[in-house]
Structure formats: structure tokens, C-alpha cells
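Need the complex rebuilt from these two chains, each delivered in its own frame; the hints are there to steer you.
Going down the list, the protein sequences come from chains Z and B. Counting along the first sequence from 1, when you hit position 271 you're at 1669 in my numbering, and nothing is skipped either side. Counting along the second sequence from 1, when you hit position 352 you're at 355 in my numbering, and nothing is skipped either side.
Everything labelled a hint here was simulated from the structure, so no lab data went into it. All C-beta atoms, glycine included, are put in the ideal place defined by N, C-alpha and C. Treat the hints with care, as some may be off.
Examples of chain Z residues lying across from chain B (beta carbon under 8 Å, computed) [unchecked claim]:
1) Arg1479
2) Asn1535
3) Phe1541
4) Ser1613
5) Glu1616
6) Gly1641
7) Lys1644
8) Glu1645
9) Ala1648
10) Asn1650
11) Leu1651
12) Arg1653
13) Ser1672
14) Val1675
15) Trp1676
16) Ile1681
Within a straight-line C-alpha distance of at most 25 Å, the following computed PhoX-like cross-link-like pairs (lysine-lysine) qualify [unchecked claim]:
17) Lys1526(Z) x Lys138(B)
18) Lys1639(Z) x Lys242(B)
19) Lys253(B) x Lys63(B)
20) Lys1661(Z) x Lys1526(Z)
21) Lys138(B) x Lys254(B)
22) Lys254(B) x Lys1639(Z)
23) Lys70(B) x Lys21(B)
24) Lys149(B) x Lys1661(Z)
25) Lys253(B) x Lys1637(Z)
26) Lys1637(Z) x Lys138(B)
27) Lys242(B) x Lys1638(Z)
28) Lys1638(Z) x Lys253(B)
29) Lys243(B) x Lys253(B)
30) Lys1639(Z) x Lys253(B)
31) Lys21(B) x Lys37(B)
32) Lys78(B) x Lys254(B)
33) Lys254(B) x Lys243(B)
34) Lys1638(Z) x Lys36(B)
35) Lys23(B) x Lys37(B)
36) Lys243(B) x Lys1638(Z)
37) Lys1449(Z) x Lys1639(Z)
38) Lys1639(Z) x Lys243(B)
39) Lys1411(Z) x Lys1507(Z)
40) Lys82(B) x Lys1467(Z)
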Amino acid sequence: MATKKPSRIDVKKTYKLYINGAFPRSESGRVFEVTAKNGNFVANPALASRKDLRDAVTAARAAQSGWAKATAYNRGQILYRIAEMLEGRSEQFESEIALTSHTTPAKAKALVSEAIDRWVWYAGWSDKLQAVSGATNPVSGPFFNFSISEPQGVVAVASSESFIEFSDAVAAAVVSGNTAVVLVPGGLAVPAMSFAEVLATSDLPAGVINILTGSLDELAPWAASHMDIDGFDITGIQKKKHGALKEAGAENLKRIHSFGSGKTPTRILAFMESKTVWHSVGI
Amino acid sequence: MTFEYAPAPESRSIVSIKPKYGHFINGSFVAGKKHFPTINPATEEILSHIALGGVSDVDKAVMAAQKAYTKTWSKLSGKERGKYLYRIARILQERAREFAVLETLDNGKPIRETRDIDIPLVAAHFFYHAGWADKLDYAGLGHSPKAYGVAGQIIPWNFPLLMLAWKVAPALATGNTVVLKPAETTSLTALLFAEVCQQAELPDGVVNIVTGDGSTGAAIVNHPGVHKIAFTGSTDVGKKIARAIASTDKKATLELGGKGANIVFDDAPIDETVEGIVNGIFFNQGHVCCAGSRLIVQESVAEEIIEKLKVRMAKIRVGDPLDKNTDLGAINSKEQLVKIKELSAIGDAEGAERWSPQCNLSNKGFWFAPTIFTGVTQAHRIAQEEIFGPVLSVLTFRTPQEAMDKANNTPFGLSAGIWSEKGSRIFWASQHLKAGVIWANTFNKFDPASPFGGYKESGWGREGGRHGLAAYLKTGKETGAK
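Here chain B stands alone, though its shape is the one from the complex (with noise of 0.2 Å):
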């Protein structure tokens, strides 16, 4: 017999939509000039307008942010600034479930995962670096290290409001001030972001937020006053980016795009690593710029491990990413949908094979079944560029040195997975790869605590833990730099 699950929908009513909204400039919101709308993925139902932020906007964010560090948030000793951070984690926790449905809304993510996962870690990301901002003398960056100034932070659409607290958290822990840009198509948990900073009475233009497109992102990296760039999203603006402020004194992180092998050993615990492998891949509906999207698995397990992986993918619940149950939710937009189309129509084209679970997919809305493509090869585009979807390219093995060469064999360098029994060879893998992030018998894991970044052109620097301090502070070859 089949088991039906019936529906079991998260209530949105916890949630209070603005039909317009603003900018969030020196502690109040300020009316834009132009307007776009922004939808939700799974119902293409528009839930509010966003304003474009263009060059004046920008302006006024970072003027407020200098006045901010130099009259108010630079002569805070960091205790006080701490129990600023500590206030808006304690919010956050308060206000965990207005979050989770809000960003469900307007990203198309299941809410298990915005209620168990991306809310809770947002507000840890606060909880953690409030502890360091009275502490950062301790945090081996020499003496006193001190603040940049106005931090310009740009983040993605794939997970809004962690993004947020990866940037913001550390930017105000180490005493800088934040001009900072959600993503075009998932500003609302930002704005809901400005409300806590106001409950929070953080003082007026510490945190500022500009809402709008790339042109607005590339206002905030050229704007003279932003002494630090921040930036999370693909590798190409990443370059670009990189180009802009070549010829400045701008200091920048980038955390970029990724290729990740998950590497599957001959010993691996079967069960396990199926269920591991799915996470990597389908989790977040792929986007996800650390997603294990290479499955590289030995030969002599190849067969049982997609076997076994084709019966577990037939058991994911594709749908309403408010329902409960649901585990893969919309895709982020119409035109990251068409691009993860256009990869996968490539990897047929190139001959690779690819299988999908049969999916009742809703004609509204932005849908892609969970698919691998097997029989693909290393010269092949899906084994080579990120498609960041829910798609996973399955490439083979047979020695250990092998899957290594195959796993470093991209331009990337974000993270790669390790599945066997054998310690030895799990830390023998472990420093074969050169990857910024290694998860052996795990994927997806997440922690202020464990610094996050890639190798190569995955980026620049690292966030979270005490590496990810360093990215706001100016260390010893800042300070005696000529």
C-alpha cells in the first residue's frame, strides 16, 4: 500500500506584507523613486514592490553608515556593541516563526528548512559574533585591530536572511557600519531585518539597507565612501567586482561560486551516503553555492549507490514549500529556471543520461524535478559549471588518487564530500582536496563557529569563526602596509 500524506500547511498569517516598500537609511524607512514587484516562485502571486536603489540612494546609505562609525558606532566599547548584537539574536529567536514563512514566501523554500534550518542559524550567527565583539584583542589578529568603516555588503537570493547575518553580524561585532543589498528577488526578510534593528534601537544608520538590482550593487562596490566589499554570488561579478576596485584601497571578501565532488569510497555506509548525497545536491533546491553537485563514486558501488539513489529521490515530496512536508520547494526565479533548463538540456545534448522521479509539478509557479545525469565525463559542461539547481552530474572511479584528481579538476574550490568508514582515507581525501569546506559523512552542515570559503576562484577570505573576524578587521598587513 501507499501512504498519502495530506496537506499540512504552514499558516501565513503571521506574516504582514507591506504592498510597498523602501530603503532602510539612518534608522528609518525612505520612499524609492521606481519600484519592481517581487513574487512568490511557487504561485507567481506578486506579494509586494521593492524600490530600485539607484546612485543617490546609495549615497545616502553610505553617508549615514560614515556618520554612524564616526560619530556614534566607533566610539562604542565593544561590550556595549555586543549586547546591541545579543538583542537582535534574542529578537530574531522571537520572531523565528514570522521569519521562516516570510522567507518561504518570497524564496520558494520549504519551510521545514527555513524553520529548522536558515532562521535558527541566523539568529546563531548574531548569538556568536555579540560574544566577540568585546573579545577581538583575543582573536590573534595583533593588538587592538581595528574596524575598516562602512562595509558595503551585497548578498544572494539562495538563502536571504542567513546571508544577511553571515555579513552583517561580523561587519558590526568588529565595529564597521553596513550599507547593505538583499537580492532583487528576495529583499522582504531584509526589510522585516530593518524592523528588528529598529526593536533592537540600534543606533540610527549602523545598518542600512538599499534595495534594487545589480546596478544598485555596483553603486555600493564603486561608492568612494565603502572602505570594505562583501559580496556573495556567482564567480563572474565575483571578477568583476575584483576589476572594480583594482585600483582602490577597497578591501573585499568573495564567497563565489562552487563545483563540489562528493566523493563516494567502495566502503562507504550505503544507507547513509544516499541520504548524505541528497542532501548535498537537493537541498535548498540545489542552489546552494557549496552543493555536493559532482557525485563522484567508485566503480565497484556505482550501480548499487544509483540504484538506491533513483528509489530515495521517487520519495521527495516536490511542491507547496509552505506545506510541511514539503522537501523541495520552487525554483528562486523564472530565469534561474531557465538557465538550469538550458545546463541540462546540454548535458542530454553531450550524451550524458538523465533520470528524473515522476512529479506532479503546478503549471504556476517555477518547478524542476530532482535529476542526475549519469555516464558524464569530465569534459562535459554539467561536470563543469555550476548549474545550481537540483541536478547532480554522476561521474566514477576506481582508485582513490583518481577520484582526487577528478574532484580537483574545476576552476572552483568551495567544498567536497567524503563518504567511507576508514578514517585514514577520509583524512588522507581530506587533504587531497582542495576545498575551502570538507564535510566526511556529512554535507550541508553549517555553524558560526566553522569558517565557510573556497580555494581558488570560489573567492576571497573566509566567513564565520575566528578566520571570518578577519575579513572586518585590518590585521597586520593592513596596518603596516605602504
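Next up, chain Z with everything else stripped away, as it sits in the complex (with noise of 0.2 Å):
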């Protein structure tokens, strides 16, 4: 009687969170399915609480004057060397993305390529913001007047399930200094939790960009109201569900936008604050 050879046993991968540049399991201990078009299993990632969001704000939180104190050109570098690490798994990202998001690999060849471009292109913005945002003011007085923008602090990330939104949303909310607790719906578990590999490998400071897979609907409206959150990008959220979270967000006055497709520095900037420094001339 032939026997057949057993071919190699898959040595699979266990998607876990991305906090402060680590990678533990919900504290809740809960997870969700995550399946192919066929109904085939994919993976389990976790399926993240409010303890997880509470954690990712605080690693969040203090990394934050860290980032923001880094040189523009710095943050762009290390902006930039995600997509160089990206490029080197692209076809990692394209096979996640194809079995994920039930998409044809052509297709998927094709966001990843872009959603690759996108890094680079908010990469370049780090030190030009300014040029373009900032102001000396022509004030009527002895004074040397000038506007310059500074991130916000701490922004949420609701993501869409698309790879490209995702780094759309994740690269405005960070390049200017901001530190972000990004909340990834659906089958993008899967390639958000690899694209943290990515992150672990890019030279970013431990806490800038924090991964909660899970829930949007559970975990959206706890972000809204967290009161240590300064920003949230809630594209990736259904339109008739905006009322709702901006109500709660509504007790810190944190600044709440969606946006359009499309890469636009309007993006960055809706999350940065602008100051105004006056200075008295004299001898």
C-alpha cells in the first residue's frame, strides 16, 4: 500500500495587536474569523476591548513629544523606509489582500503598488508643511509676527477595509508628529497586522502608530469619548454613524473629520493646530 508523502506542515502566523511597538493579544482574550471568498478559514485576529484602546491611547500618549520632536526630516525618513520595507513584502501584502478582501491578484498587485506611493508621497510632506501652512503676518506694530502648525497630539484612526484608505489615513495622521491608535475592521486584520511587522522594521519609535484590530462599531464610540484622544478620522466609517460619534467626541471638543478619496494635504493639516507666536522687536 503507497503511502503518500505528507507535503510540509504551513508554519501560520497568530495576528495578535500592535501596542507601543509590541505585539500582544487582546487583553480580553476574544477574537473573530476572518475567511477567504470560499468560506476557508484565514486567521483569527483579535478582536480588540476598551482595555486595548485604553492602552494603545496611553502608549500613544507618551510617545507623542518624542515624535513630534523628531526632525521633519527624520519623520519623512522613517515615513519613506516604511515603503521601502512595504515594497520588500509586496507580495506578502498582495496575497493577504487578494484572499481578504476577495479580490483578483491583479487587482491586488495594484493597491498595494499604490497604497506603497501613498507612503512615499506623505513621506516627502514632513518638511514642507510648514512652507505651505505656516505664515510671517504683516501685524501693524513693532512686531515680528509668525503662524506655524504642530500636530494635535493623539488621533484615531477608524479605517475603512481598504489597504489604500488605510495608509492614506495612517500617513496624514502621523507625518506632522502625531501619534495614532489606528482601529482596522474586517478581512484588513489580516494585512494591517503584517503591515505592523512592516512598522516594527521602519525605525518608528515605539507607541507612534498603535494597531487594534476588531470591531469598528464597539470600538469607535469609545474613541469618540475618549477624553485623552485629540483627533479622529472616522472616514472609515458610514456616513449615518458621524452624528453619533461626533456628539460623544463633542465633551473634549476633539476635532473630527472624513474624507474623500485621494491623497490631500488638507488631510495632515486638519489634524495639526496652528499657533501664532508674537514677538516684540526692539533694542
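Structure representation (C-alpha cells):
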């Protein structure tokens, strides 16, 4: 009786969260199932809890001043490094996206290429934002008066399931010096957690980007009402749910915005604050 | 010897106040149904009766603004819009003294301030924005940015006409039409501004003014025909507005409260600093959202600064706002006076030490002597809450980092001041302060070319400068929004 030699058994990845540069499981112990188009099992990513969100905010807050203090050149290089790491692993992302977003390999390849290009595009903004958003203001009096833009602080991002939109939202939030807590729904959990590995190898300081996978319906209201989150990009959430989130966010006058598709510096500036300084001039 | 000043009152004969006012809708005054008195807070004399706008008045004003937007204002070129604004600026300059006296009568602030600061800045705001009207393509907001339509604007009582100018000038320059509600206690200069619009032959309905109270403001916020809200006032009301419009497509700029830190380093020029502290907290009776209401002074110079500050405070002249020598006028309303007294009493109860110079305050009207509290800690309510009066809380620090931590330890983020002779230290501090406006070796300076607005719970958006235009134009974000 001929026995078929068993083929090698795959070593499969455990999909966890990305908080403060580490990969913890959800403290809740919860997971959810991601399947392929044919219904086959793909992975059990973590179903993040409110406590995970709080931990991520704590990490993001702790990392924020250091990240904002890094030179714009340095931040730009790190975002570019993320693009380099993505490029090197593009085949992995293409296959994960094809599998989990139920699309063709050709489309997945185009998606990943575009996402990489978006990271390059945003990287270049780091040391140009001030030149286009700042001003010296000709006030009537003996003062040197100028306006500069500064990051708001901690920005939450509710991503759609598109890897390009995820890239736009995250890059726009952090390039200026904000730190981010990114909420990732559905099948995007799989490439998003592989993306966390990209971040972990891009010299990005721990806590600058934190990624939570799970249910936006659960996580987004908690993010909206969290008093230590300054801004919230809710592009990935259906418009009919925006009102409730904005209402919850009013308690600390959170800056809550959503954006159309396409890359724009407006998205970066929406999570920055303009600061105007008056210097008296004299001898 | 002591020098006594003879009274030097500005004549009020230049103003004529009607016994009763209606709303200004679609280019003319329309009678109100109910009225409430508006008083001179320095004397409690009833100046006039102001119409209490209801939902139907607001509705008429919004309809007029919508019609004006579609039929005339949006069809005018920027060049022509700008010429109307230039006209308004010039008429305001011509009638500046009249506005200054009327503002002082209705608000209680010294004539020296209305004459030299408020009204000149009002004219400057219109003049500045007039020039933007035909240059919006170059404002960095994308090609041919579009107006929202009808802007609903709700302004406070501390700088009545100046806040009107901050709201109306950019709204008109960018092509929006306006429904504006002045504050309940200070409507008179807004109603006089309506006359300026008539003299400038501004098309009917481009500016509409509905007077009233909080309920009138709420009617503007909730009106479906209003596309953009601009509000200056308390953080509490700002949050209510944010909730009220959460499920709508309305945009908002909110310019809210503050608890400004005025930071004095040990190398500061002492005499100039003392002047700056006085200007920071006692300008406009401390009714200033960006007031330097927390003095954060380095321990090694604290004693000297406070001693000199007390000497200087004893020279502040409190009294008749129409007197040209007056430094500190009347508190704007009884309600505000009660609030200032309450928070000051809490300062006493929490163990801070209160000091005021001897002042002869009139029995009539609403008055509060310039006051400082020393020995204040960060936990004290007078270090956390906006008093909006001539009351300064003094805290001390040892290291520069401690000064930054204390300055930023508030939910607000509107303004801050830095006093030091060392340039690099000033830049270091200005980088660390979470505030939208920072004054270095000066305080409480305003200019139409300079953006104003706060971080955190001090509000959304900026007013003034190129940045302020974004508040009234659909930028890339909105035009590309889902």
C-alpha cells in the first residue's frame, strides 16, 4: 500500500494587536474569524477591547512628544522606510489582500503598489508642511509675528477595509508628529497586522502607530468619547454613524473629520493646530 | 504730594440711541414682538429696549440671507464684494468716535480702549478682508474655493463690535451671507453697524442682525438653512453647539474659553513685565478669553514682581468708563459680577491669599476692584476655571520645564505669554506651550493679519489672517468629502 508522503505543514501566523511596539493579544482574550471568498478559514485576529484601546492611547500619548520633536527630515525618512519595507514584502501583502478582501491578484497588486506610493507621497510632506501652511503676518506694530502648524497630539483613525485608505489615513495622521491609534475592521486585520511588522522594522519609535483590530461599531464610540484623544479620522465609518461619534467627541471638542478618496495635504493639516507667536521687536 | 486727575469725560452727545430697536432683516429694520432693556453697566441706566428674536424672526433672517446669497452676493465678483467691504471700513472710520462712545455706554469698557483699540481694529478688519475678496485663489485653499452660503454668527459681549467685525468681514469677503446675533447685553453697536451697511448700500439680506438671548442663538444654530456656524463664547455653550450640529453637515468655528498662562522668567525686564501683567489681566476688566489670568512666575523673582505689581495696581484708575483717564471700567453685567465674586470667594475658601488696592467703587453699576490671589496651586479652582474678570491667580515655578507643565495643565489652550530677555528661551517656551496665540514680551495684541484661536477645549479653527479664510470656504477636505 503506497503511502503518500505528507507535504510540509505550514507554520501559520498568530494575528495579535500592535501596541507600544509590541504584539500583545487582546486582554479580553477575544478573537474573530476572517475567511476567504470560498468560506475557508484564514485567521483569528484579535477582537480588541476598550481596555486595549486605553492601553493604546496611553502608549500613543507617551510617544507623542518625542515623535513630534524628531526632525521633520527624520520623520520623513522613517515614513519612506515604511514604504521600502512594504515594497520588499509586497508579494505577501498582495496575497493577503487578495485572500481577505476577495479580490483578484492583479487588483491586489495594483492596490499594494498604490499604497506604497502613498507612503512615499506623505513621507515627502514632513518637511514641506510648514512652508505651505505657515505664514509670517504683517501686523501693525513693532512685532515679528508668525504662524506655524503643530501636531494636535493623539489621533484615532477608524479605517475602512481598503489598504489604500488605511495607508492614507495613518500616514496623514502621523507625518506631522501626531501619534495614532488605528482601528481596523474585518479582513483588513490580516494585512494590517503584517503591516505592523513593517512598522516594527522601520525604526518607527514604539507607540507612534498602534493598531487595534476588531469591530468599529464597538471601538469607535469609545475612541470618540476618550478624553485623551485629540483628533479622530472617521473616514472608514458609514456617514449615518458620524453624528453619534461627533456628539460623543464634543466633550473635549475633539477634531473629528472624514475625507474623500485621494491624497491631500488638507488631511494632514486637519490634525494640526496653528500657533501664532508675537515677538516684540526692539533694542 | 499726590496728583489728582480732574474728570475728563468724553461727551455722549455724539450718539443718539432710539428708545426701542427691532431686528435688521433684508436691509431694513423690522419691529420685534417682545423687548428687553439694555443698560449702561456703569450706572444701571436703561439705554434702550432690544427685540427678543424668536424662531420666526431667525427664519425670516435666514430666508433673507439665502435669497441674498443666491440672487446677488454669490453672483458678484470678488472685486465688487471687496469694494463693499472697503466702503464699510471707511464709514466705520468716519463714525469711529460715535461707535466708541456707544460701545463704552453699552458695554462698560473704558473709552480709552474703545477709542484706541476696539473701533480702530474693527475698521482694520474690514479693510484687511476687503483685499482678500478678489484674491481667494491665492489663499492656498485650492483653486476657486467656494463659500458655504449662509453663515450663522453668534458673538459675545466682551468686544461687541470687534467680534462682529471678526465674524462679518471674513464671511462677506469669502462670499457668504450672514445672520448675526449680538450678545444680549451689548446689541447697540451691532444695530448701529446695520446703519453702516445701509450707508454702504450693501445689497439687502447680505447682513442680517437678529437680537435676543441664548434661545435666539439656538434658533440660528438649529436652522436648516444655515450652513456654517461661527461662535465666540463660553466652552460650555461651544460644546452644546458641537453636539447640536453633530448630525448635520454644518461646519463650525468655535472660539471659546481660556486660562492663559503669563510666564515670567527670572531674566525678564521687571518693569515692562509688570506692565505686561497688568495689560494681560486688567485690559477690558479681564473680560478677555485670552487674558493672562494665571501668572506663572519664577520663584527667585516672584517677591519682587508681586511687590511691584501691587504698587502698579494701586495706580489703576477704576471708574466712569467715559472718563478718558479711566483704566478699568464697569463689569458688563450683574450676572458676570456675581460669577466673579463667587469664584473669588472660592479662592479665599481654598486658601489663596487675596489682595486688592483700595478703590472707591460706585454704589450704582457693577464694579470689581483689580484683584490678585497669591499662594495659588494648580488644584485651586481659580487656577483652573475661567473667571472672566479682573482677577489674577499667581503660581510660581523653579525650572523652565515646570513652568511649561503648569502652563499646559488645563483643558484650555488659547493664549500664553512669555517674559524673558533671552531669545532662545523664548523660542523654546513658545514651542512647548500648547496655545494658539503666544505673546513674547507683550500681551493681548490683536491684528486682522494675525490668526487667532485655540488648541484643545479653547475651540475649533482660526480667525484672522490667511488661516481665518479657511473657516468660511469649502477647502479640499469638504469638496472631496463623502
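*Hint numbers not upheld by this structure, sorted from lowest to highest*: Violated: hints 1, 4, 5, 16, 23, 26, 34 and 40.
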